[in-house]
Amino acid sequence: MKFIVTSSELQKALTKISGVVPSKSTLPILENILFDLTKNTLKLSATDLEVSMSATIEVKGAEDGKIAVPAKRLMETIRALPDIQLVFHADLSANRIKMITETGEYVLMGEASDEFPTIPQFKAEEKLSLSGDLLRRMINRMIFAVSTDELRPAMTGMLLQVRETELRAVVTDGHRLVRINYTGIGKMKLKKDIIVPAKAMSLVSRSAEEGENTMAVDTTHVQFTFGNTTLTSRVIEEAYPNYEAVIPLDNDKKLTVSRDLLLAAVRRVALYSSSTTHQIRCTLKKNELRVSAEDMDFGGEAKEKVVCDYSAEDMEIGFNSTYLIDILSHIDSDEVEFRLSSAVRAAIVTPAKQKPNEDLLMLVMPMRLNV
Amino acid sequence: MNSQRRTPHIAHLDLDCFYVSVERIKNPSLRGKPVIVGGSPNGRGVVASASYEARAFGVRSAMPTARALRLCPHLLIARSHFGEYEAISRKLYVRMKELAPVVERASIDEMYLDLTGCESLYHNDLFAFVKRLQQIVWNEFTLPCTISLAANKAVAKIAAGTVKPHGVIYVPPGAEQEFLAPLPIEALPGVGKKTEELLKRHGFITISDLQQATPERLKDLLGKHGRWIFEVALGRGPTHLEEQHLRKSISNERTFSYDISNRSELESKLFGLTESVCSTLRSRQWKARTVTVKLRYSDFSTYTRAHSIPPTDDDAIVFRTARRLFREGDTRALAIRLLGVGLSHFEYEAQPQLSLYPSEVKRGKALQAVDALRRKFGENIIHTGGV
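From first to last, the protein sequence lines are chains A and B.
According to the numbering used here, the first sequence is numbered sequentially starting from 1.
According to the numbering used here, the second sequence is numbered sequentially starting from 1.
With the rest of the complex left out, here is chain A (with noise of 0.2 Å):
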């Protein structure tokens, strides 16, 4: 096997899909990346078994071939090397890689191609096509939300919902909630749900390319293409929790507040919570929200008053902080609003103006205080 392939090229090509290498694995095949070559088309697959990712690259071949090479050692001499051209050259009767540069010569030991798992093909039933920004935004806007609890499988993965008109992603914790709507992205004929790794929606919002992207589905697949790209995950197959029996439809207190003071307010009063329960008390009089804390254990106390839009009975809530912070980081509006019921029902938050075509909801369940 040989090509002749600029560094930067291979770079790029294997930036994509690294990030689905494991760190370290049960099997070691899995910290390689399997280099196929036909003719002039370079194809580089990476998995861990429940995502796999390929990209294609146009090189200059000379001999077709296959072989799995080390991802962290190859990785780490293309990053060191110049943007210069290298041949590659693989002997695959001994699996020995040899990277030739004009000044110097690379051996590593690889693995044969027959050793790494096969990626999934892919039947295709229906593919539906998703803007590059749409994917990162909604992405980027929930993931935080995902539970690494691996006794609920359900919980750490995305549930993706494709409706008609309407795609709709919900994600939880059992403590907190963020479910988003869009509309307006064309008619589809697909109509599924499916709940994604946690692992490979953050692959697609780092990988998704500007323009159109597609989402194809089959039964125990979902598979993303970029460009040249493309991300094949198994889907989580167990049942969602019923999230939507959860969002409450009659918080009828509302309380409207400028994101930023209140973030910045709540990071600063969090300082003062107590190590272990991070919990902050927020007190609500006409507008007027109070945030305070305190530590039992260390002492020290905080508390700070934000003006806010508030005219419902007075009342207090507590909050895990560290909760309250993650959803107001992921709401980008200059106001959010709160509507509330009492103070051991769920919160939700919105922002106060949506975006065209989106409709973001997040849930949060308050902490018991010991009044």
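FYI, nobody ran anything at the bench for these hints, they're computed from the structure.
As the structure is a computational prediction, the values presented were derived from the model and not from experiment.
Among these hints, one or two may not hold up.
[Said to hold, decoys possible] For the chain B half of the interface with chain A, some residues (derived, Cβ under 8 Å), not all of them:
#, residue
1, Y303
2, A306
3, S308
4, P310
5, I317
6, L354
7, L356
[To be verified] Between beta-carbon pairs, the in silico distance windows are:
#, chain 1, residue 1, chain 2, residue 2, range
8, B, A106, A, L108, 53 to 63 Å
9, A, T165, B, E253, 38 to 48 Å
10, A, G104, B, L198, 27 to 37 Å
All C-beta atoms in this analysis are idealised placements derived from N, C-alpha and C, irrespective of residue type, glycine included.
Using the hints provided, position chain B relative to the given structure of chain A.
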């Protein structure tokens, strides 16, 4: 008085052959005789506690009962009553709390009392007070004990070891090095069999040998642990006591009366252990973040593995994690003699984060009801079904 300048005074109270002493309260005819508390010599019972009369014959804790009986044919064997030992130990702790401001229950038969700053309360003679304390423990609990007084926990513990049983000793501040110098290295806490062998191979026989070494030398030999050994050899050690509520882990383990290789039987034992630790956890209103599983094969090789999960007190969640760890560990074609489950990294649940999904709330209430039933009718009244 400036609290930083106060000389710390730490007492170590060690109950002499505690389990045997408790059995002797109930059956005074056991007094003055070689007695052990432990399992049956016919099965594979082991010695849990041995009277000093039995120790004279070479009988030691953790020795198979059958062997103890061979060493001392007229040995008396009392059955264990761990529930009673725990209850008595707890009562003693409560009593000690009346006499010292901070008390740490280091184990079922050992306590540390922080008497720093109590000098004037006890007539500026803390040594006289600890002698009286020994008398109090005997008069009120009929339990013999050894008490030591020193400037830190490590020295107090070592000192107690030198005067057991029924001894009292005081190592005055400043005299630590001199006191420790002639003692053998295995008297130091933290020097187990392996460390002892290693150190002896390098010519360290007594603590004075360690005192003359450099910390670097010990660090080279023992790694981080060397630093601790060096400090303790010089008579330095922790003075901070951890009270009961700061317990770091809850665990339960069982040595089976016969080695088990049937996986479903082992998993059902694992489930029983899980239930017991979770019940203790809930009684403290804690949630645990780390689950540890320990298993010992019939050839005595031991496997321990831990995994962290979101804080929980739910038997089912802990069990699923424990079972996974167990299955990862149970890879050898050997039967298993011991299983243990431990929980650690606690969170206090006084200000609970409410959950979005009501099923968790219901589950919590169900578990509380289970605990209440167990308290009233005993551990075996109710078990969770398969998960």
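Each hint, compared with the structure:
1. Y303: With a closest approach of 17 Å, the Y303/B hint is violated.
2. A306: violated, 15 Å
3. S308: violated, 10 Å
4. P310: holds, 5 Å
5. I317: holds, 6 Å
6. L354: holds, 4 Å
7. L356: holds, 5 Å
8. A106/B - L108/A: 53 to 63 Å: holds, 55 Å
9. T165/A - E253/B: 38 to 48 Å: For E253/B against T165/A, whose Cβ atoms are near 60 Å apart, the range 38 to 48 Å is violated.
10. G104/A - L198/B: 27 to 37 Å: violated, 48 Å
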